[in-house]
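There are 4 protein chains.
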Amino acid sequence: MASAFGERLKISVFGESHGAGIGALADGFPAGFPIDTDALMRFMERRQGGRNALSTSRKEPDVPVFVSGVTDGKTNGFPLCIQIANTNTKSSDYKNLVDIPRPSHADYSAYVKWHGNADMRGGGHFSGRLTAPICAAGGIAKQMLAKCNIHVGAHLLSVEGVQDERFSLSPDAALFAQIAGKMFPVISDDAGRAMQQAILAAREAQDSVGGRIECAVTGVPAGLGDPMFDGIENRLARVLFGIPAVKGVEFGDGFALSDMRGSAANDPFCMDAGKVAAETNRNGGILGGITTGMPVRFTVGIKPTPSISQKQRSVSLSSLQNAELEIHGRHDPCIAQRAVPVIEACAALVMLDVLLCSGYDLSDIAED
Amino acid sequence: MASAFGERLKISVFGESHGAGIGALADGFPAGFPIDTDALMRFMERRQGGRNALSTSRKEPDVPVFVSGVTDGKTNGFPLCIQIANTNTKSSDYKNLVDIPRPSHADYSAYVKWHGNADMRGGGHFSGRLTAPICAAGGIAKQMLAKCNIHVGAHLLSVEGVQDERFSLSPDAALFAQIAGKMFPVISDDAGRAMQQAILAAREAQDSVGGRIECAVTGVPAGLGDPMFDGIENRLARVLFGIPAVKGVEFGDGFALSDMRGSAANDPFCMDAGKVAAETNRNGGILGGITTGMPVRFTVGIKPTPSISQKQRSVSLSSLQNAELEIHGRHDPCIAQRAVPVIEACAALVMLDVLLCSGYDLSDIAED
Amino acid sequence: MASAFGERLKISVFGESHGAGIGALADGFPAGFPIDTDALMRFMERRQGGRNALSTSRKEPDVPVFVSGVTDGKTNGFPLCIQIANTNTKSSDYKNLVDIPRPSHADYSAYVKWHGNADMRGGGHFSGRLTAPICAAGGIAKQMLAKCNIHVGAHLLSVEGVQDERFSLSPDAALFAQIAGKMFPVISDDAGRAMQQAILAAREAQDSVGGRIECAVTGVPAGLGDPMFDGIENRLARVLFGIPAVKGVEFGDGFALSDMRGSAANDPFCMDAGKVAAETNRNGGILGGITTGMPVRFTVGIKPTPSISQKQRSVSLSSLQNAELEIHGRHDPCIAQRAVPVIEACAALVMLDVLLCSGYDLSDIAED
Amino acid sequence: MASAFGERLKISVFGESHGAGIGALADGFPAGFPIDTDALMRFMERRQGGRNALSTSRKEPDVPVFVSGVTDGKTNGFPLCIQIANTNTKSSDYKNLVDIPRPSHADYSAYVKWHGNADMRGGGHFSGRLTAPICAAGGIAKQMLAKCNIHVGAHLLSVEGVQDERFSLSPDAALFAQIAGKMFPVISDDAGRAMQQAILAAREAQDSVGGRIECAVTGVPAGLGDPMFDGIENRLARVLFGIPAVKGVEFGDGFALSDMRGSAANDPFCMDAGKVAAETNRNGGILGGITTGMPVRFTVGIKPTPSISQKQRSVSLSSLQNAELEIHGRHDPCIAQRAVPVIEACAALVMLDVLLCSGYDLSDIAED
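The listed protein sequences correspond, in order, to chains A, B, C and D.
For the first sequence, the working numbering begins at 1 and goes up steadily by one.
For the second sequence, the working numbering begins at 1 and goes up steadily by one.
For the third sequence, the working numbering begins at 1 and goes up steadily by one.
For the fourth sequence, the working numbering begins at 1 and goes up steadily by one.
Here chain A stands alone, though its shape is the one from the complex (with noise of 0.2 Å):
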């Protein structure tokens, strides 16, 4: 499936960086939901650059076009096609890295693999830029589910070792609402500041930092997800994998469970309010790839920024060489923070996905 994912809701992404437009291709969205296109501008505008220092200057209006899909205000029911323009290339800024691959990007292993026939200015198809389409698909998703009372929120957890809170064990619909609203999308403001400084340091050095992000998602029924392959973990792990920069997936306590003992790491049940809940959610709510009902969790591992304004080493692809490189043009010292939104809405969007395969009755979302 390539640039491609879901079972009963499948989203394809196309476009490259410096091509005409990119966009994404949704295949399955319920029928007769009324997208909420205020909101959903609100939520692409999470994942842009340009505000303010800590992001490139790449100032383009993420401005998603229906193609198909949508009639008078409402899905219709067949594959939505969403595109966004681009209109801001500036190609010759990315001219020199066609010989010399930007180490950490993908551009000498796309080279091998289209034996140098891809278009990767600006990182072609690989680009950060195409999570732009999977904000648009994943914020339809997130307001699809919110109807059906589930909820998917996330912040920055880390930059570069400063931490942020974590979520408790049931984090509500209007601490997601306070998160999203705020420039910096953390749960404290302090860690929010020192994080930015961390940035501000790397820019300043002509470096690039990383960052942590968590994501929960809340009101989720129990009993959904395939086993083995096709539980929850797998489909969330394998699109968050997607998401240029993503280096580590963990659900729950992850791989801080790998140094507990069992006694400390199982979650109890326990009844809470005439329902079967657990104590504790190490297990980020799912067990056996399918979910328990408590909230779904997990932590994604973002890397710096590849593109660094320090000279570095790489190799001429022509002359088969050591060479050196200097990359000139927009970059972001951190890209974490923006992709929050991003994380957002791939779980939104293998939520409804699941959702879909189950099942669930979704008629509701329609509107008379």
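Hints in this document: simulated from the structure, not taken from any laboratory.
Calculated lysine-lysine pairs in the DSS-like style (CA-CA distance at most 27 Å, straight line):
id, chain 1, residue 1, chain 2, residue 2
1, A, Lys147, A, Lys74
2, C, Lys182, C, Lys147
3, A, Lys311, B, Lys275
4, D, Lys275, C, Lys311
5, A, Lys275, B, Lys311
6, D, Lys147, D, Lys182
7, D, Lys311, C, Lys275
8, B, Lys74, B, Lys147
9, C, Lys147, C, Lys74
10, A, Lys147, A, Lys275
11, B, Lys275, B, Lys147
12, B, Lys182, B, Lys147
Predicted, not measured: the structure shown is a model, and the values here were computed from it.
Please arrange chains B, C and D on chain A, whose structure you already have, making use of the hints.
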């Protein structure tokens, strides 16, 4: 695809812990390959328990029977069905687990999903025993890859915080063979001894421990994999999270990259004996989801065995009240060391599939 | 997916004519359904040969064994592996076929595809015998559908030009049962006798004949299926062409519609007992790939058995020269009558999958 | 996959008749291929209406725009999004169709499936107009195949019983080009004239006619395709039934084989210029789902255009009463002649995908 994965090489896993048998159906193995069944048995023994105090006392001889797909000891091009009998099932051990779900097992989530109709004795289809057929199929894949000079190796990287050495930039096949020959799969035997002590201490305390596994695949050509959601990372992560108790997956230096600066995290390219290589491999041989030619390297985090002998808090599904649970019967104080060959098997199956998807010429592996 | 199909209910078929066994892996059957094994055996007997002069003398008892997926006689929600042993293989019969490919068999195309490494004795994985596990899985699906008042029936529509009656606008389950109980699966026994004479005449002439099969599924709710390439027609056709010797598939009046005018071909809608129905069903209950609520109806064309006792022209693959071929051993003068339950099995599996994909509530089929 | 198909080359179709635009997303085209856009336009014009009295008067210029996947006129390896604007939509024409479903259209089945929320103006996503993007993608595939000396051609085989000649055993590319250049795509112009008269007579009678299309693919290597459910027949049939109005698909002599004896139906192999060939090709170049090296040949049956000007019987979905319907507006008295290039497009896309799945070396099609 649920209990199945793969594109040109499809692996479907079946069976329950207490049913008649377990197995795997592998559709897509190249034809004409002579399977070394002795080597396959030795590989499968690596994941079996019952060999020492570290493992469960369940001593089932995992003998894979080829129901189809093999003629005169060679793959015949058709779907290969491997079956392993269940000969040592004592279902009474698990009888009391039906009403009171075991914490951090799939008992409860499966109960909800299948409305109480799933056969969860011994963990049912979620049992770690289901990794045996994965090893059988993966062991064959390993043999095929070895003929192409692609080698897969793994070791236990840590147990409850005790660390083994990491793989070097380019581990060789001899090291993999050496680890595979050890009773305890580590690079440093000193570390191995400390890990074993940690496991025995946990056992003593009626508790369990988890661990991390590092895996590497060497000899992988550059340019393999598909962009976005079908990259090497996506494919591997989807499969690895299908292994019971895996809660985290990271590629290269993974989460540690999130704390680094770009100047430290980037892998400079360099010429090595006339070929493009890299000075470091913090990205685990994968950029943009596509192989770089450096070894593919990843780490998985395994949670502690959820079955512990200590009394635990849970609920009764029949009375919907809080309840206590004591798990008797056979269970490992640590499963991480037994998971090492399973992780190798997954890596081998995914890499072989990717080679087949890429049109890589595998005709040499057939024998006249 | 090769030897597999289905979306939420996946059927994978394995085995070769002369291997240890054959079988099917069915992943996705609803849990808790009590399988009527007697009825299943009777269904499977319908496709078996050896009962009279019309069929091969190979008398293998096709006893399906449930390796997994069934507990205490009920589906347990996990992948259901059905296995049938090969007990009556006489490979010497087919020995001379390896070098000289049999005309209109897969011998030559398989030889090229697998570079001579496929085990083609008895047709290998292409043997009609592989339809036995399809019947086993499909027989279970038929039972499940019947609990939902969806009934699947088929009959031999023609043999070498001799025609049976067609199904009426709304055939009832009693007719299906009546046909299923006959030694020769037709509506009109007069037509059946004439067909049998045609078959015996062909046999007498060391020749073979083909036939057509009409199949109907009644009680299908309107609105099932997905547009374009995942409609009912697409899904059924993909599976039906997987049955050996099927060379044509048409829905409703099929090719005959191509010769009609629109005014004669269109099915006028009408109200029937307060519900939307149609006066005619020339479109076979499917419009735009989606069910209309009228019976799903289709016809498949089966070519004559390629194995005939007459001397035939072929080539020698070793000497690359023209050669003559005489096929000895067991073969049916007509396989169309034996294919009738196989077509029903395919229809049942596809329709059950479509119900599952549509979120149709199947919880009633579970038994407490 | 719904509105999508393909394994290593995935085609997803989007758009509605009366939306902003329609298009196709093609993921998997080999990189570096220079698209001949003039030839592509000429190919697409073949399926367009408005050229004479035989077709609808809707004259929309189907100009494909490459939103992504093409750089400097060459495929760049990334998903190729083709878009075609809808410029000539007169939705008022169809307004009265919402309540009273048109017989033999998808109006009613879609109404039930999407609970009235689908945008069915002009047939919505089911409109024949959606075959334009299939032609755009398929036209590119045809060009790529031609570079590999694989040629795809089709012609109108019959209209309301008037027959064209059939393709010879090995039709050459020149014949395909000749047919493609005709206003009416037949081999025999005499037959073509008679067909056109039949179409005009139907139009005169406010009625419509259907037809059959024969398609052949020459130069196909032997050994392509996968067994059982992923053979060439399965793949083609699944896609062909996605073309509106296709109700039957047969390979080689198809249903006619059902009336033959084996001795007449079998294709004897023979040596031809040192290569294995066959004396006849009644099986359409496919045995066991796998190519034999003979031309792949199949026939599809197209039903008469369901939209006719005559008054028809239907029901009112709002009042649930019988009702009458008069369809005004633009519609073709026959669509079969316009479907000819669409069938070629489907065949080209499927065959190119199968080549990619088989690891066939396509690197020659890239241009430096």
